[in-house]
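Student: We have chain A; now place chains B and C onto it with these hints.
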Amino acid sequence: MSVPRTRLLDLMKVQCRIFSHTFNPEGLRLGNKVLRQRLKGPVLAAYYPRKISTLKDLRKAYSGPDGFEIPNDDHDDWEENHKIIKARGKGAPKKKRTAEESKKFKGKKR
Amino acid sequence: MSMFRAKKLDLGCFVNARVIRDHTKRKVFAEHEAERQALRYIIRNMELPARTRAQAQLELSQMHCYTRSTQISNRCTEGGKGRGVLRDFKMTRFNFRLNALKGLIPGVKKGIW
Amino acid sequence: MTTQIIRSLRRVTATPIPTASLALTTQYTPTISPPFLCRRMSTSPFRTELPVVEAPPLTTEPSSPAYLNDVRLPRAVQAVYLRPLRREATYDVPACDLQLRSYSIRNLEFFSDFALRAAYYLNLPAYGPVPLPRILERWTVPKAHFIHKKSQENFERKTHRRLIQIKDGHPETVEIWLAFLQKHAYYGIGMKANVWNYEGLGLGATMEKRAMDMKGDLDQRWALLGLEKGKISAEEAIEAINRESSRAQFGGKTPRLPDTE
Chain A
1 MSVPRTRLLD LMKVQCRIFS HTFNPEGLRL GNKVLRQRLK GPVLAAYYPR KISTLKDLRK
61 AYSGPDGFEI PNDDHDDWEE NHKIIKARGK GAPKKKRTAE ESKKFKGKKR
Chain B
1 MSMFRAKKLD LGCFVNARVI RDHTKRKVFA EHEAERQALR YIIRNMELPA RTRAQAQLEL
61 SQMHCYTRST QISNRCTEGG KGRGVLRDFK MTRFNFRLNA LKGLIPGVKK GIW
Chain C
1 MTTQIIRSLR RVTATPIPTA SLALTTQYTP TISPPFLCRR MSTSPFRTEL PVVEAPPLTT
61 EPSSPAYLND VRLPRAVQAV YLRPLRREAT YDVPACDLQL RSYSIRNLEF FSDFALRAAY
121 YLNLPAYGPV PLPRILERWT VPKAHFIHKK SQENFERKTH RRLIQIKDGH PETVEIWLAF
181 LQKHAYYGIG MKANVWNYEG LGLGATMEKR AMDMKGDLDQ RWALLGLEKG KISAEEAIEA
241 INRESSRAQF GGKTPRLPDT E
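Residue numbers (full-length UniProt numbering), protein chains in the order written: chain A, 1 to 110; chain B, 1 to 113; chain C, 1 to 261.
If we strip away everything but chain A, and leave its shape as in the complex, we get (with noise of 0.2 Å):
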């Protein structure tokens, strides 16, 4: 009554052509499953933005004297609220040139 363990895999390996699957009824370990396995290289390499032409690189591109002059509203900003600063008289200290003038306690060390 049983069928023949020939005829069961005469019959898997006609449904693994049909089908394209793997005929492998012992089960050996033929490492298929590392074929299988897609290939991330790509989006991994896709992680960091690509450089794009900003601004910055159009100002540098066509500055100069007969160049054209693109306004940068945030520099603008800056400057405006700067000159503020510096009238209230809240502005950058001056530069020290020496080592004498760069010391913070003057006087007599105990």
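Because the hints were derived from the structure by calculation, they are not lab data. Note that the structure is predicted; figures quoted are calculated from it, not measured. There could be a bad hint or two in this list.
[Said to hold, decoys possible] Lysine to aspartate or glutamate pairs mimicking DMTMM-like chemistry, simulated, CA-CA at most 20 Å apart:
(1) Lys109(B) x Glu137(C)
(2) Lys56(A) x Asp88(B)
(3) Lys56(A) x Asp22(B)
(4) Lys110(B) x Glu239(C)
(5) Lys8(B) x Glu153(C)
(6) Lys7(B) x Glu244(C)
(7) Lys7(B) x Glu172(C)
(8) Lys143(C) x Asp88(B)
(9) Lys40(A) x Asp22(B)
(10) Lys158(C) x Asp88(B)
(11) Lys110(B) x Glu153(C)
(12) Lys90(B) x Glu239(C)
(13) Lys110(B) x Glu137(C)
(14) Lys8(B) x Glu239(C)
(15) Lys33(A) x Glu35(B)
(16) Lys102(B) x Asp74(A)
(17) Lys40(A) x Asp88(B)
(18) Lys40(A) x Glu78(B)
(19) Lys40(A) x Glu31(B)
(20) Lys40(A) x Glu35(B)
(21) Lys8(B) x Glu172(C)
(22) Lys51(A) x Asp10(B)
(23) Lys143(C) x Glu78(B)
(24) Lys51(A) x Glu35(B)
(25) Lys90(B) x Glu244(C)
(26) Lys51(A) x Glu78(B)
(27) Lys51(A) x Glu244(C)
Tutor: Below, chains B and C alone, put in the same frame as chain A:
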């Protein structure tokens, strides 16, 4: 490392020595991934002669560390930090919070419920 | 008054026979003044059955500016102000599943409405928009950049989804519909479509035959590319591909080709 590093920088995000290193590793891995997978297959195939498998093992171990996927780590695109980086946004927790509160991340709102 | 009569017009046309192409009757409908109608959404559930008014004679001269108020808009334009019409599917065999995802509901609703109308005009029975369960992603993040873990903040992102299913669609028509939607894609909406084609047995031979038939189609296009045999050698081509600048153009993703030596 110096043999793999690109002569011209092609990064648009925050640039750091570590970020450049990680970027180089990613590119090198993408290049050599097929070769690595082939060697791994040879090692794992029981039907092949033992000598071939041993040779493949040796070759795989001798490949430069930059070809390994385990060397790659996700760094923050805003600050270049390696720790506390969220995968969905490629940013550290703090940078994500700053940008989310400014409204620069589409769809993200303060979760109040 | 105007809107109620328009709704009865919709009633008249809602027949299950798919062959009728906007077979609206010639009964009189008062003119639509769009600003007034826009206040009422065409998707409101409000419905009344009112008797259709017989056409009164036009009182204005064709040359007068008031004439435009007496003339109705084209039927297709009138249809825009009403809920989208649907075609009936005879066999209920799904041909395409289109999932629309967005972070906001308004533009999603608008675009799904647009997709349904497009499907109607292409004679495709469209079912939907089915609202799939909303995806909710949450992140809890410390407020400070260093330590102070005890004070954190929650952020969330809700993704709304709509599913539009096309049943009994011809594969080419479905392709046209999808291409149309891609061409007129709305901002902030992601689309993903699963398309099913039903073929008979012996598909391998059919596909082979189709490939052979299509072989000559692209020859004209290839000729336009300008790459003539013998003009550039294989080494030069490989060197060009491996050059840093050309690889950087493709985001550095492409693997380098080995030198032929």
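Student: State for each hint whether it applies.
Tutor: Verification of the supplied hints:
1. A distance of roughly 11 Å separates the Cα atoms of Lys109(B) and Glu137(C); the hinted pair therefore holds under the 20 Å criterion.
2. Of the pairs offered as hints, the one joining Lys56(A) and Asp88(B) is violated, with about 29 Å between alpha carbons and a cut-off of 20 Å exceeded.
3. As the CA atoms of Lys56(A) and Asp22(B) are separated by approximately 26 Å, the hinted pair breaks the 20 Å bound.
4. Annotation: proposed proximity of Lys110(B) to Glu239(C) is violated, straight-line Cα distance about 52 Å (limit 20 Å).
5. Proposed proximity of Lys8(B) and Glu153(C) is contradicted: the alpha carbons are some 40 Å apart, above 20 Å.
6. At most 20 Å may separate the alpha-carbon atoms for a hinted pair to count; Lys7(B) and Glu244(C) meet this at roughly 8 Å.
7. Note on Lys7(B) and Glu172(C): the hinted pairing is violated, with a Cα-Cα distance of about 49 Å set against a maximum of 20 Å.
8. For a cut-off of 20 Å, the pair hint linking Lys143(C) to Asp88(B) stands: about 18 Å separates their Cα positions.
9. Taking the CA atoms of Lys40(A) and Asp22(B), the gap is near 16 Å; set against the 20 Å cutoff, the hint holds.
10. For the hint linking Lys158(C) to Asp88(B), the alpha-carbon distance of about 14 Å falls within 20 Å, and the restraint holds.
11. For the suggested pair Lys110(B) and Glu153(C), the alpha carbons sit about 8 Å apart, so the restraint of at most 20 Å is met.
12. The hinted pair formed by Lys90(B) and Glu239(C) fails the criterion: a straight-line CA distance of about 34 Å is larger than 20 Å.
13. Among the hinted pairs, Lys110(B) with Glu137(C) is consistent with the structure: their alpha-carbon atoms are about 12 Å apart, no more than 20 Å.
14. This hinted pair checks out: Lys8(B) and Glu239(C) have alpha carbons roughly 18 Å apart, not beyond 20 Å.
15. Restraint check for Lys33(A) and Glu35(B): the C-alpha separation of about 16 Å stays at or below 20 Å, so the hint holds.
16. This hinted pair checks out: Lys102(B) and Asp74(A) have alpha carbons roughly 17 Å apart, not beyond 20 Å.
17. For a cut-off of 20 Å, the pair hint linking Lys40(A) to Asp88(B) stands: about 17 Å separates their Cα positions.
18. Pair hint Lys40(A) plus Glu78(B) does not hold up; C-alpha atoms about 24 Å apart against a cutoff of 20 Å.
19. A hinted pair counts as satisfied when its Cα atoms are at most 20 Å apart, and Lys40(A) with Glu31(B) qualifies at roughly 11 Å.
20. For the hint linking Lys40(A) to Glu35(B), the alpha-carbon distance of about 13 Å falls within 20 Å, and the restraint holds.
21. With a C-alpha separation of about 47 Å, the suggested pair Lys8(B) and Glu172(C) falls outside the 20 Å cut-off, and the hint is violated.
22. For the suggested pair Lys51(A) and Asp10(B), the alpha carbons sit about 5 Å apart, so the restraint of at most 20 Å is met.
23. This hinted pair checks out: Lys143(C) and Glu78(B) have alpha carbons roughly 17 Å apart, not beyond 20 Å.
24. About 29 Å separates the Cα atoms of Lys51(A) and Glu35(B), which puts this hinted pair outside 20 Å; it is violated.
25. For a cut-off of 20 Å, the pair hint linking Lys90(B) to Glu244(C) is broken: about 26 Å separates their Cα positions.
26. Under the criterion of a C-alpha separation no larger than 20 Å, the hint pairing Lys51(A) with Glu78(B) is consistent with the structure, at around 14 Å.
27. In summary, the hint linking Lys51(A) to Glu244(C) is supported, as the alpha carbons are separated by about 14 Å, within the 20 Å threshold.
Consistency note: the structure conflicts with the earlier hints numbered 2, 3, 4, 5, 7, 12, 18, 21, 24 and 25.
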